[in-house]
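Chain order of the listed sequences is A and B. Just so you know, we're using my numbering here: the first sequence kicks off at 1 and counts up by one. Just so you know, we're using my numbering here: the second sequence kicks off at 1001 and counts up by one.
Source of the hints: derived by calculation from the structure; they are not laboratory data. Since the structure is predicted, the reported quantities are computational estimates derived from the model, not experimental observations. Every residue, glycine too, gets a C-beta built ideally from N, C-alpha and C. Among the clues, some could well be false.
Here are the simulated DSSO-like cross-link-like pairs (lysine-lysine), alpha carbons at most 27 Å apart as the crow flies [claimed, not checked]: (1) A:K94 - B:K1276; (2) B:K1103 - B:K1230; (3) B:K1039 - A:K443; (4) B:K1186 - B:K1150; (5) A:K246 - B:K1186; (6) A:K382 - A:K246; (7) B:K1186 - A:K614; (8) B:K1150 - A:K246; (9) B:K1186 - B:K1230.
Partner residues aside, some chain A positions facing chain B, computed with beta carbon under 8 Å [what the hints assert, rightly or not]: (10) S91; (11) L95; (12) N98; (13) L244; (14) L248; (15) F578.
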Amino acid sequence: MAMAIDTALPPGRKLKLSLDRDELIKRALMVVIALYLVVALAAPLYVMLSKSFSTYSFDLARFEFQVSDKAGNWGEPVSAVALNDRLGVVSAEKLATNSDGRLQATVFFPDFSFRSPVKYRIRGTSADASYLVGLQLHSGTEWQEFSSNEFRRVMLRPARAIGFENYTTYFSTPTLFRSIGNSVFIAFISTIATVGLAFGFAYALNRSCMRFKDGFKLVAMVPILVPSLLPGIALIYLFGNQGLLKELLMGVPIYGPLGIVVGSVFFAFPHAMMIISTALAISDQRHYEAAASLRASSWRTFWTVTIPGARYGLISAAFVVFTLVITDFGLPKVIGGQFNVLAVDIYKQVIGQQNFEMGAVVSVILLVPAIAAFVVDRMVQKKQVALLSARSVAYQPKPDRRFDALCLAWCSLIAVFILGIMVTSQFAALVKLWPYDLSLSLKHYAFDRMDGGGWASYYNSIRLAGITAIVGTIIVFVGAYMVEKTEGFRAGRSAFQFLAMLPMAVPGMVLGLSYIFFFNDPGNPLHALYGTMTILVICTITHFYTVGHLTALTALKQIDQEFEPVAASLKQPFYKLFARVTVPVCLPAILDISIYLFVNAMTTVSAVVFLYSKDTALASVAVLNMDDAGDVAPAAAMAMMIFYTNAGARLIHLLLSKGIIARTQAWRMR
Amino acid sequence: MNQKKSFALAAFAAMMMSSAAWAGTELTVYTAIEAEDLKRYADSFSQDHPDIKLNFIRDSTGVITAKLLAEKDNPQADVIWGLAATSLLVLKSEGMLEAYAPKGVEQLKPNFIDKDTPPSWVGMDAWAASICFNTVEGQKLGLPAPKSWKDLTKPEYKGHVVMPNPASSGTGYLDVSSWLQLFGEKDGWTYMDGLHQNVAAYTHSGSKPCKMAAAGETVIGISFEFRAAKSKAEGAPIDIIIPEEGIGWDMEASAIVAGTAKEDAAKTLIDWSVSKKANEMYNVGYAVVAFPGVAKPVPHLPTDIEARMIKNDFEWAANHRSAILEEWTKRYDSKSEPKS
Chain A
1 MAMAIDTALP
11 PGRKLKLSLD
21 RDELIKRALM
31 VVIALYLVVA
41 LAAPLYVMLS
51 KSFSTYSFDL
61 ARFEFQVSDK
71 AGNWGEPVSA
81 VALNDRLGVV
91 SAEKLATNSD
101 GRLQATVFFP
111 DFSFRSPVKY
121 RIRGTSADAS
131 YLVGLQLHSG
141 TEWQEFSSNE
151 FRRVMLRPAR
161 AIGFENYTTY
171 FSTPTLFRSI
181 GNSVFIAFIS
191 TIATVGLAFG
201 FAYALNRSCM
211 RFKDGFKLVA
221 MVPILVPSLL
231 PGIALIYLFG
241 NQGLLKELLM
251 GVPIYGPLGI
261 VVGSVFFAFP
271 HAMMIISTAL
281 AISDQRHYEA
291 AASLRASSWR
301 TFWTVTIPGA
311 RYGLISAAFV
321 VFTLVITDFG
331 LPKVIGGQFN
341 VLAVDIYKQV
351 IGQQNFEMGA
361 VVSVILLVPA
371 IAAFVVDRMV
381 QKKQVALLSA
391 RSVAYQPKPD
401 RRFDALCLAW
411 CSLIAVFILG
421 IMVTSQFAAL
431 VKLWPYDLSL
441 SLKHYAFDRM
451 DGGGWASYYN
461 SIRLAGITAI
471 VGTIIVFVGA
481 YMVEKTEGFR
491 AGRSAFQFLA
501 MLPMAVPGMV
511 LGLSYIFFFN
521 DPGNPLHALY
531 GTMTILVICT
541 ITHFYTVGHL
551 TALTALKQID
561 QEFEPVAASL
571 KQPFYKLFAR
581 VTVPVCLPAI
591 LDISIYLFVN
601 AMTTVSAVVF
611 LYSKDTALAS
621 VAVLNMDDAG
631 DVAPAAAMAM
641 MIFYTNAGAR
651 LIHLLLSKGI
661 IARTQAWRMR
Chain B
1001 MNQKKSFALA
1011 AFAAMMMSSA
1021 AWAGTELTVY
1031 TAIEAEDLKR
1041 YADSFSQDHP
1051 DIKLNFIRDS
1061 TGVITAKLLA
1071 EKDNPQADVI
1081 WGLAATSLLV
1091 LKSEGMLEAY
1101 APKGVEQLKP
1111 NFIDKDTPPS
1121 WVGMDAWAAS
1131 ICFNTVEGQK
1141 LGLPAPKSWK
1151 DLTKPEYKGH
1161 VVMPNPASSG
1171 TGYLDVSSWL
1181 QLFGEKDGWT
1191 YMDGLHQNVA
1201 AYTHSGSKPC
1211 KMAAAGETVI
1221 GISFEFRAAK
1231 SKAEGAPIDI
1241 IIPEEGIGWD
1251 MEASAIVAGT
1261 AKEDAAKTLI
1271 DWSVSKKANE
1281 MYNVGYAVVA
1291 FPGVAKPVPH
1301 LPTDIEARMI
1311 KNDFEWAANH
1321 RSAILEEWTK
1331 RYDSKSEPKS
């Protein structure tokens, strides 16, 4: 049809929406926030990607030697590459190395003896060819002369190039690439366990008439408020070699896959539970009535009505848990033992071995499953929308004593698990010297006596969380508003949408490492940000951008599109509308975004672990570092401080929301 | 008159400015000195030199080294005070250190000074490998205390030994490099193959094995003596064992960062850091210090540590670090694989 009209009519003047001032300001703001996302996300990732291709190898063509006979007469100069071709002493794979690689020059001289009167000379064929004499760095094309005794101290240094060697090295080193299998294995098992447990929990909340539902909901949310290191620490106290319940494991060590899986279930549980609960809450009573009238058994109804109804929720929950677990760094760091996973490998490569290039390679590899899970999840989420219809009738559970008791037992078991972890952690923080002196003391709270940052790190964390919550909410909400309420400009809007969704797929470790590469480059005008609180704020906002963005979009979509034209026709500028209508209407969502950012800024470790400096040490990083140094009890104490702070913030948020909803959301009540 | 007055004013201004510049000298110092020691050191220095303000960037050895390397093209530090000598060797091979012979350096023990003249770095104090043995858990399991490195490969210790990962911990690398120097390359690796059979875990940091032994989480922790003494002082039931064959060691050392704009102040700090007074200050926590004759015994520490330290070839250890770690990682760095 459209085609027919197009061909029938002569091409007229191209229609263009004339832009008024409001529209221009909106687009400008959108571009500003998009630019922020480019600088804080896309550019660092790009720099990291290119870093992973930066390789180090010994370039033998860059060095020339000259050898004398015993009487001191010099022979012809000969290049190292020619010597190696002749002798074959250094294989091609040995030439590939890292930035710290050294190659002893004497390997090219099989009859070398340090007592011989033979003398040696070395020079580079280009100015940047460098070598060490002992540990002194030399470079350049001048000949340098050495006695045999000195010559054995000459070490060639590698040259930088661009290539795939880092990836080849990675995939030919079993200890490295085995981590891929380990990570996927852990994430897979944790996903099945978490989704299974969370489904039962959510099912009980939505489909039974058991008691204490509100209490269970509250307990299920607790893990969100703590860093993922905490379950690791608590599990060591419970099941470690001196653990309270060690016998339960019957000799299976908690260090390794078992500990990671159990801990992952703990911290991923609330995320899965919330998603599945939402999916179960929207199911349609009429389907169950139909099943009942067809005399389907409850077992059959479960498999043909309940599960298909919740399938998108289940799939979505599975992908969220998978991503959370595979990208988590804190837990395997604490309890992984020698079981290597990708996220910890990045840390080991960078902090332990200063091998930034290999860290970048592992990061790129970790991005693959994270992005894959993200893409599949987005595809599934798009389908979910079609499920709700206007004629749906909400499901009303009927009391059933046996079933309710079963649900209560299931939920109690999970609640005991969650609370058990928390109580253990608090107990460990208060015991004087586990397990030899169980008297209580507050000495582990003297953080200033430990490595890790002391109490200052705790106040820094609160500052970071506060600033992130305020600034982040403004950026996220304004960005979402501009995307949602701008007319036309489709290309720009979808580009923005893509940028806003991207952080979800980027693991924290990867983001942090890419920030080092990007901001620590002296050539970068933003270099001054490195090591400041500002970079931590930027990093944290970016890391948690997506969820806030989606929350804001959902809230904004509820506001009728008519408001803008009405305001325009009344000659009201958009910012007045924004301040007088949009913001008040969306206040609950805005508060949700800010508490989300606050809580995550308090608990996050992965991204900021690369970026903090002496003055901006954070509580969550202090937990990691104190555990790393073996100060496990103070680490538990600090983790609990984070929990109490977050719980307090949640409480304030709750009270604030209640007050605000009463004042601004009265129109919602009928 | 006018001219004279303005001249005097100018001279006065110049004087003011120069004195202001001197009074305001601030040095950025990178350090890995333990938090509680650092404050003491800093206070002591500013008593003698109130005109120089020290701004410390303190972190663990690995992090500080990574930071310095990352800033190679644009160094932020003026001075490094208290970083592992092995890390300073890496920085030296990158050409990042300014060679300087501090006043009085000739009085120090020769093995505490860089071999080149003028030296690029000077040592402050040494820490040495040692074994933390939990006597309570040892008794429970009927395990005798080990006496030597070789003892640790005995089958009865299987699963009861924890040591630092040499790829991430300086202490771990000093163990590995000392074994290779003590036993020779071939026997050194054979020894580690045997030890690997008994190791329950390789930790990220060097102090953790001893703290794990102190908490009974393991029986034997390969760590360093300084950490062990602290745990013992806190009441942990551990014995500090110095293996018979000799022990690897490293030192805390100081250096001027090449290209610093504040060379004079940097030299003042380095001069002060090798003084007798400074060495007495280091002795509070460290049994072995660079200045001969000042060291007094440290509580809980054996007195013969210095005699048991091996003749450590730091240059060899630094130049072969990359190759040794590659070999080590290939052999041992995946202690446990998925059981299923």
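Structure-based check of each hint:
The suggested pairing of K94 (chain A) with K1276 (chain B) is violated, with an alpha-carbon distance near 47 Å, which exceeds 27 Å. Using a Cα cut-off of 27 Å, the hinted pair K1103 (chain B) and K1230 (chain B) is violated, with the two alpha carbons roughly 33 Å apart. With a C-alpha separation of about 20 Å, the suggested pair K1039 (chain B) and K443 (chain A) falls inside the 27 Å cut-off, and the hint holds. Of the pairs offered as hints, the one joining K1186 (chain B) and K1150 (chain B) holds, with about 15 Å between alpha carbons and a cut-off of 27 Å not exceeded.
As the CA atoms of K246 (chain A) and K1186 (chain B) are separated by approximately 40 Å, the hinted pair breaks the 27 Å bound. For the hint linking K382 (chain A) to K246 (chain A), the alpha-carbon distance of about 46 Å lies beyond 27 Å, and the restraint is violated. The hinted pair formed by K1186 (chain B) and K614 (chain A) fails the criterion: a straight-line CA distance of about 43 Å is larger than 27 Å. Distance restraint check for K1150 (chain B) and K246 (chain A): the Cα-Cα separation of roughly 31 Å exceeds the 27 Å cut-off, and the hinted pair is therefore not satisfied.
The hinted pair formed by K1186 (chain B) and K1230 (chain B) fails the criterion: a straight-line CA distance of about 35 Å is larger than 27 Å. Contact between S91 (chain A) and chain B, as hinted, is not supported at the beta carbon level, the nearest pair being about 14 Å apart and thus beyond 8 Å. A hinted interface residue such as L95 (chain A) counts as satisfied when its beta carbon comes closer than 8 Å to some beta carbon of chain B; here the least separation is about 13 Å, so the hint is violated. Because the closest C-beta pair between N98 (chain A) and chain B is about 7 Å apart, less than 8 Å, the hint holds.
With a cut of 8 Å, the hint placing L244 (chain A) at the interface with chain B is violated, because the nearest CB-to-CB distance is about 13 Å. With a cut of 8 Å, the hint placing L248 (chain A) at the interface with chain B is violated, because the nearest CB-to-CB distance is about 17 Å. A least Cβ separation of about 43 Å between F578 (chain A) and chain B goes past the 8 Å threshold, and the interface hint is therefore violated.
Consistency note: the structure conflicts with the earlier hints numbered 1, 2, 5, 6, 7, 8, 9, 10, 11, 13, 14 and 15.
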